[in-house]
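Chains as they are written, first to last, in this note's numbering: chain W, 1 to 262; chain C, 1 to 141.
What the hints contain is simulated information worked out from the structure, not anything from laboratory work.
Take these hints with a grain of salt, some might be off.
To be verified - Distance condition first, Cα-Cα at most 30 Å in a straight line; then the derived DSSO-like pairs of lysine-lysine:
{"hint": "1", "chain 1": "C", "residue 1": "K15", "chain 2": "W", "residue 2": "K260"}
{"hint": "2", "chain 1": "C", "residue 1": "K58", "chain 2": "W", "residue 2": "K46"}
{"hint": "3", "chain 1": "C", "residue 1": "K115", "chain 2": "W", "residue 2": "K201"}
{"hint": "4", "chain 1": "W", "residue 1": "K201", "chain 2": "C", "residue 2": "K58"}
{"hint": "5", "chain 1": "C", "residue 1": "K58", "chain 2": "W", "residue 2": "K217"}
{"hint": "6", "chain 1": "C", "residue 1": "K106", "chain 2": "C", "residue 2": "K31"}
{"hint": "7", "chain 1": "C", "residue 1": "K115", "chain 2": "W", "residue 2": "K251"}
{"hint": "8", "chain 1": "W", "residue 1": "K260", "chain 2": "C", "residue 2": "K115"}
{"hint": "9", "chain 1": "W", "residue 1": "K97", "chain 2": "W", "residue 2": "K46"}
{"hint": "10", "chain 1": "W", "residue 1": "K46", "chain 2": "C", "residue 2": "K134"}
{"hint": "11", "chain 1": "W", "residue 1": "K251", "chain 2": "C", "residue 2": "K15"}
{"hint": "12", "chain 1": "C", "residue 1": "K65", "chain 2": "W", "residue 2": "K201"}
{"hint": "13", "chain 1": "W", "residue 1": "K180", "chain 2": "C", "residue 2": "K136"}
{"hint": "14", "chain 1": "C", "residue 1": "K101", "chain 2": "C", "residue 2": "K31"}
{"hint": "15", "chain 1": "C", "residue 1": "K136", "chain 2": "W", "residue 2": "K46"}
{"hint": "16", "chain 1": "C", "residue 1": "K124", "chain 2": "W", "residue 2": "K180"}
{"hint": "17", "chain 1": "W", "residue 1": "K217", "chain 2": "C", "residue 2": "K124"}
{"hint": "18", "chain 1": "W", "residue 1": "K251", "chain 2": "C", "residue 2": "K70"}
{"hint": "19", "chain 1": "W", "residue 1": "K201", "chain 2": "C", "residue 2": "K70"}
{"hint": "20", "chain 1": "C", "residue 1": "K136", "chain 2": "W", "residue 2": "K133"}
{"hint": "21", "chain 1": "C", "residue 1": "K124", "chain 2": "W", "residue 2": "K251"}
{"hint": "22", "chain 1": "W", "residue 1": "K251", "chain 2": "C", "residue 2": "K134"}
{"hint": "23", "chain 1": "C", "residue 1": "K15", "chain 2": "W", "residue 2": "K201"}
{"hint": "24", "chain 1": "C", "residue 1": "K129", "chain 2": "W", "residue 2": "K217"}
These figures come from a predicted structure and were not determined experimentally.
For reference, the chains in residue letters:
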Amino acid sequence: MTIIIAVQCQDGSVVVAADGAATFGKDDGTLTARQPVSKLCLIHEKAIFAHSGAVGLGQRLQAVFDDVVIHKGIEKRYSPAESMQYLRNLFWEKVIKDESDIVNQTKPELVRFAERTLSQQFLVVLPPLKDTKIPCVIHFNWEAFPEMLTTNLPCVSLGSGQMIADPFLSFIRRVLWENKAPTNLADGIFAVAWTIQHVVKTSPAFISDPCQMMIMKLATDSTNTWETEEIPSNNLLEHFGNVSAIEDYIKEYPELFRDKPN
Amino acid sequence: MNKSDWLLIVLNLGKSLSPVQLQKSLFLISKEIIIEREEEFYDFEPYDYGPFDSNIYKDAENLEKEGLIKIENPFERSHRYYCITEDGSNHLNRILSFMDKKELAKASDIVSLVKSLSFPSLIKMIYNKYPEFKVKSIFQN
Chain W
1 MTIIIAVQCQ DGSVVVAADG AATFGKDDGT LTARQPVSKL CLIHEKAIFA
51 HSGAVGLGQR LQAVFDDVVI HKGIEKRYSP AESMQYLRNL FWEKVIKDES
101 DIVNQTKPEL VRFAERTLSQ QFLVVLPPLK DTKIPCVIHF NWEAFPEMLT
151 TNLPCVSLGS GQMIADPFLS FIRRVLWENK APTNLADGIF AVAWTIQHVV
201 KTSPAFISDP CQMMIMKLAT DSTNTWETEE IPSNNLLEHF GNVSAIEDYI
251 KEYPELFRDK PN
Chain C
1 MNKSDWLLIV LNLGKSLSPV QLQKSLFLIS KEIIIEREEE FYDFEPYDYG
51 PFDSNIYKDA ENLEKEGLIK IENPFERSHR YYCITEDGSN HLNRILSFMD
101 KKELAKASDI VSLVKSLSFP SLIKMIYNKY PEFKVKSIFQ N
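Construct all of the structure, not just a fragment, from the sequences and the given hints.
Here you go:
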C-alpha cells in the first residue's frame, strides 16, 4: 500500500513525497507485515525515481533509469517528448515486456496472481532536458505508458492511496491555486505535505508515516542549475505544523459567524 | 545548565508545544538570554520557516527515551506535540533551584508569547525581528 505524490510548480520546481510503509504479503494477496521503507530514490543527486507496486519490479526499473541518468546523458540528447518515448521503450523492453509475456502464458486460474505483480506505477523527475529550462516529471502506468506533468496537469498521485489523494489534490487546486499549478516551491511543499497527511490520516490501512520528501529547485547561486535534495524527516516537522495551521483556520471559521459578547 | 535542560524548561513552561513553537521558543531564548551568558547552545541557521536547528528534535527524542518528555502524535492533528513528563518535572526542579529568577521570568514571557501566536504570525514576528533568518524562507516571494 503506497501513496506517492508529485507536484510541479509554475516556476518549474518539483516536490515529490511518499509515505513510509511497505506492505509485505503472499502471492494470494494475504498481507503479512508492515515495515518502514524509503519509496523515493535520489539518482546520482540529479534525478528522482519513485515506484509503487512489487518491490522487485521497482528495483529493476530503477536500475534501468539509473543507467540512463549516469551513462546515457539523457538530458543532453532528448527533448521531453523524445525522452518519454525513449524511456517508455527502455522500461518496456528491459523489464516489463518479459513480465507481461509471463502473465500472458500463465494458466487462466493463476492469472489474477500474476497480474498483481504487474500492478504498478512509477515516476521519474529529470533535470531540464534538451531545449527546455525546467525539470521534467514523467509518470508511467503498469505498461510504461508515459505522461508528463505540465502547467495544465501539475500534479499526480500513484499507489493505492490515489483514491484519496486525487480528490484532495483537486480540492487544493480549485481552492488555493485557481485551477492552475502552484506558484512556487513553498505552495508545492505545502500542498504535498497536506495531501500526504490527509491520506495517512484517512486511508483504511497500511499507508503511514514517516513521510519522505524530495525537491528539485533552482540553485540560489548564480549557476542557474537545478538542485535535487531530500528534506530530512525532522526538517519536515515544521511543514506539518503549517498544515495544522490551515486546518486550525478552517476549524475556527464558524466562529466568525458567532456573536461576540459586548 | 546544558542545551537539553533549556529544552525541558521550555516544555515545562509551555506544557505542550508543537515543533515550530519549540524551535522558535529556544531561538528567542538564544537571542534574548543565552547570548549574554556566552554558553554553548543550539546553532540556529536560516531554513524554510526561519531559524532552525535539527539537533533540537534529536535532543527531544533522546529526552523521550530517558522518560523525561513525551512526543505525542494525536490522530486529529497533522503535527506532533512535545510535553514534559512527571519524571521530567522532577528532574527539572533540581535545575530550577539554581536558576536565575529573572532569566526564568524572561523565558516564561518568551514561551507565552510564542504560544499566543498563530503559526503565520509567529513566523512573521521572527522574520520582522531577525530578517537575517529569512534568507532561505519558503515564503521568500
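We went through each hint and held it up to the structure:
As the CA atoms of C/K15 and W/K260 are separated by approximately 29 Å, the hinted pair is consistent with the 30 Å bound. Note on C/K58 and W/K46: the hinted pairing holds, with a Cα-Cα distance of about 28 Å set against a maximum of 30 Å. For the proposed pair C/K115 and W/K201, the alpha carbon gap of about 25 Å is at most 30 Å, so the pair holds. Between W/K201 and C/K58 the alpha-carbon distance is near 25 Å, which keeps this suggested pair within the 30 Å criterion.
Only pairs whose Cα atoms come within 30 Å are accepted, and C/K58 paired with W/K217 is accepted, the gap being roughly 27 Å. Distance hint between C/K106 and C/K31 is fulfilled; the C-alpha atoms sit about 12 Å from each other, no more than 30 Å. Distance restraint check for C/K115 and W/K251: the Cα-Cα separation of roughly 18 Å lies within the 30 Å cut-off, and the hinted pair is therefore satisfied. With a CA separation close to 23 Å, the supplied pair W/K260 and C/K115 stays within the 30 Å bound.
Taking the CA atoms of W/K97 and W/K46, the gap is near 28 Å; set against the 30 Å cutoff, the hint holds. A C-alpha spacing of about 26 Å is found between W/K46 and C/K134, which places the hinted pair at or below 30 Å, so the restraint holds. For the proposed pair W/K251 and C/K15, the alpha carbon gap of about 23 Å is at most 30 Å, so the pair holds. Between C/K65 and W/K201, the direct Cα distance comes to roughly 26 Å. Compliance with the 30 Å bound is thereby established for this hinted pair.
Distance check on the hinted pair: W/K180 and C/K136 sit about 25 Å apart at the alpha-carbon level, within 30 Å; holds. With a C-alpha separation of about 18 Å, the suggested pairing of C/K101 with C/K31 holds against the 30 Å cut-off. About 21 Å separates the Cα atoms of C/K136 and W/K46, which keeps this hinted pair within 30 Å; it holds. Only pairs whose Cα atoms come within 30 Å are accepted, and C/K124 paired with W/K180 is accepted, the gap being roughly 27 Å.
At most 30 Å may separate the alpha-carbon atoms for a hinted pair to count; W/K217 and C/K124 meet this at roughly 24 Å. In summary, the hint linking W/K251 to C/K70 is supported, as the alpha carbons are separated by about 26 Å, within the 30 Å threshold. Between W/K201 and C/K70 the alpha-carbon distance is near 21 Å, which keeps this suggested pair within the 30 Å criterion. Between C/K136 and W/K133 the CA atoms are separated by roughly 23 Å; this keeps the pair inside 30 Å, and the hint holds.
For the hint linking C/K124 to W/K251, the alpha-carbon distance of about 22 Å falls within 30 Å, and the restraint holds. The hinted pair formed by W/K251 and C/K134 meets the criterion: a straight-line CA distance of about 29 Å does not exceed 30 Å. Proximity of C/K15 to W/K201 is assessed by CA-CA distance (about 25 Å); at most 30 Å being required, the pair is judged to hold. In summary, the hint linking C/K129 to W/K217 is supported, as the alpha carbons are separated by about 28 Å, within the 30 Å threshold.
Checked against the numbered hints above, the structure violates none of them.
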